[in-house]
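The listed protein sequences derive, respectively, from chains B and D. Take our numbering: the final residue in the first sequence is number 187, and no numbers are missing along the way. Take our numbering: the final residue in the second sequence is number 187, and no numbers are missing along the way.
If a hint is listed, it holds; no wrong ones were tucked in.
Since the list can't tell identical chains apart, any single copy or any two copies may satisfy a pair.
Listed next, the in silico EDC-like pairs over lysine to aspartate or glutamate satisfying Cα-Cα at most 20 angstroms (straight line):
#1 K149 x E102
#2 K132 x E102
#3 K21 x E47
#4 K168 x D31
Everything labelled a hint here was simulated from the structure, so no lab data went into it.
Protein chains: 2
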Amino acid sequence: MTSSPNDLIKFLRRLRTVRDFTSDPVPEAALADILEVGRWTGSASNRQPTEIIVVRDLEVRQKLNAVGASTAARAALVLVIVTPGDAARFELEVFDEGLLAERLQLAAAAHGLGSGITTLKGDGPDVAKALLGIPLEKRVRCVISVGVADQAAIKAKPKRPEPRKPMSDFAHFEKY
Amino acid sequence: MTSSPNDLIKFLRRLRTVRDFTSDPVPEAALADILEVGRWTGSASNRQPTEIIVVRDLEVRQKLNAVGASTAARAALVLVIVTPGDAARFELEVFDEGLLAERLQLAAAAHGLGSGITTLKGDGPDVAKALLGIPLEKRVRCVISVGVADQAAIKAKPKRPEPRKPMSDFAHFEKY
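Just chain B, with the same shape it has in the complex (with noise of 0.2 angstroms):
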């Protein structure tokens, strides 16, 4: 079975960020494809620059969460984004880790999973280096919380919305 454009397009579209997650599991068949998913995500000049840490542990997770990953002690686990830290490089690699962190959601989502994006703050990158035994020089900021969204947790929330600009502010034609 081959999927339809139709299909593939809402999937991409509906894709939306998870915060509240039940206490299951990732099963490993899962984490083993988001992995290879984003194994084979492209970078510029395939230079390959991104590596994942994935934290199961508890403790672990709690303590990045304390440090601006919002949602790591909830989920079932995270996947801690690593760059070499080349200054030289830097804008390219904050943009390869921005084509990973999509395409690694994408394939959570693609196994029923929810994922958010957090974002470590303050010393929160050095305490994950401590933490995760990454060198110095490297580069870290970026941790996809991964689980099972609580629907239950989400349905009785305040709505949020989160909606988009029209289109006519994000699209143009030719000329801005």
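Based on these hints, arrange chain D on the given structure of chain B.
Only chain D this time, still in chain B's reference frame:
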């Protein structure tokens, strides 16, 4: 019909950069879907810093091609990404640009179209701003070429493998 996890994972894993395009146009309905998927792409704090300029005009694409957007002249159209150019939020703008670029490529692939990310080089951003009427303070760097992949041209080229590093160099568990 809904797609199986396996179908979606295959779809995500198989995205590859396309550098050769036929002269076929991008159907309007496919472009509309690509832009709609782009509009719904997430961003830090839902600030939606990105905008897109769709450029079909060949002369303009040739000029963008000359300053780094290396497949712009061959594609059916290009999507030029614009962000506010807020220095204090530079890292977030670049990251969000990466999220968007990835999703746009996947939306093109959903319609069977090829795409490739190119980067304006040297004075390319200034050239693009002048050509497209983009205010000077804005940031522009990334140009995505979209069109029908020219399979004959791709096959005729010496095979260009795009290997990926082994999983053990990409994913780590609990510790770096």
